[in-house]
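In this note's numbering, the protein residues as written are 22 to 185.
Please note that the accuracy of each hint is not assured.
Straight-line alpha carbon distances no greater than 25 Å define the calculated DSS-like cross-link-like pairs of lysine-lysine that follow [claimed, not checked]:
no.: 1; residue 1: Lys149; residue 2: Lys96
no.: 2; residue 1: Lys139; residue 2: Lys96
no.: 3; residue 1: Lys149; residue 2: Lys139
no.: 4; residue 1: Lys157; residue 2: Lys139
no.: 5; residue 1: Lys119; residue 2: Lys154
no.: 6; residue 1: Lys111; residue 2: Lys149
no.: 7; residue 1: Lys178; residue 2: Lys149
no.: 8; residue 1: Lys119; residue 2: Lys157
no.: 9; residue 1: Lys111; residue 2: Lys157
no.: 10; residue 1: Lys139; residue 2: Lys111
Distance windows between CB atoms, simulated [stated by the list, open to error]:
no.: 11; residue 1: Ala112; residue 2: Arg92; range: 28 to 36 Å
no.: 12; residue 1: Glu179; residue 2: Leu126; range: 13 to 21 Å
no.: 13; residue 1: Glu179; residue 2: His125; range: 32 to 40 Å
no.: 14; residue 1: Glu179; residue 2: Leu80; range: 34 to 42 Å
no.: 15; residue 1: Glu152; residue 2: Ala100; range: 25 to 33 Å
no.: 16; residue 1: Pro85; residue 2: Ser156; range: 26 to 34 Å
no.: 17; residue 1: Leu80; residue 2: Gln171; range: 26 to 34 Å
no.: 18; residue 1: Lys178; residue 2: Ile84; range: 33 to 41 Å
Rather than coming from a laboratory, the hints here were simulated on the basis of the structure. We put the CB at the ideal spot given by N, CA and C, even for glycine.
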Amino acid sequence: MLENLDSRNSVRYHSQRLVFTSQKHSQPCKNSFNMRSSLSRLASAANTQRGLKPNPTALLPPIPLYRRLLRAHRKHLPAEMRVLGDEYIKAEFRAHRKVDNPAHLIGFLTEWQMYAQKIEGDQWVGDKLDEQKLSKMSDEQIHQLYELMQAIQNRSKEGGEQES
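Produce the complete structure using the sequences and hints provided.
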């Protein structure tokens, strides 16, 4: 189709339509075609790996990651765990809302994204905390972890007492 055009013809872009015009008449040639469908296909292919699935290692922005975490809790966790997990996620994302250091932000988002992948894959059941991660934690983070452990234990005790 394009090989039939000679040097007297030009190409101009008109909104979403590629139009070939003749220099003599400035009228569209027969070879004009709509680019909308091919542009949308090209844009969707650029965002995916081989045009099939989104790249799982790509770091999600904070708001989509936050939504993904809440969805994963809703889908994969029991009600008691979901309530506790949702509260924790909300508190952590609020606390990190004004973080300016890119290294902290990337670390924060990376760890939460790995957590989401574990929850969605049901790989979290019986999973133990890695000693390397524990050794890298600050005293404040270890204290937060301890408080989380106590909250979980208190909820399980309250649940056991209510059933009796």
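Beta-carbon spacing of Pro85 to Ser156 - inside the hinted bounds 26 to 34 Å or not
31 Å, holds
Would the pair Lys111 and Lys157 pass a check requiring their Cα atoms to be no farther apart than 25 Å?
Holds, at roughly 23 Å.
Looking only at beta-carbon atoms, does the pair Glu179, His125 fall within the given range of 32 to 40 Å?
35 Å, holds
For the pair we were handed, Lys149 and Lys139, check the Cα-Cα distance against 25 Å.
12 Å, holds
Could you check the hint for me, namely that Leu80 and Gln171 are 26 to 34 Å apart, CB to CB?
32 Å, holds
Pair hint Lys178 and Lys149, alpha-carbon separation not exceeding 25 Å:
Distance ~21 Å between Lys178 and Lys149 Cα, so the pair holds.
Given the hint that Lys119 pairs with Lys157, test it: the Cα-Cα distance must not exceed 25 Å.
23 Å, holds
So if I understand the rule, the pair passes when the alpha-carbon distance is 25 Å or less; does Lys139 with Lys96 pass?
13 Å, holds
Hint check: Lys111 vs Lys149, CA-CA at most 25 Å. Holds or violated?
23 Å, holds
Supplied distance hint 33 to 41 Å, evaluated on CB atoms of Lys178 and Ile84
Holds, at about 36 Å.
Does the Cβ distance between Ala112 and Arg92 fall inside 28 to 36 Å?
18 Å, violated
If you draw a straight line from the CA of Lys119 to the CA of Lys154, is it 25 Å or shorter?
Roughly 24 Å between the alpha carbons, so the hint for Lys119 and Lys154 holds.
In this structure, the hints that do not hold are numbers 11 and 12, in rising order.
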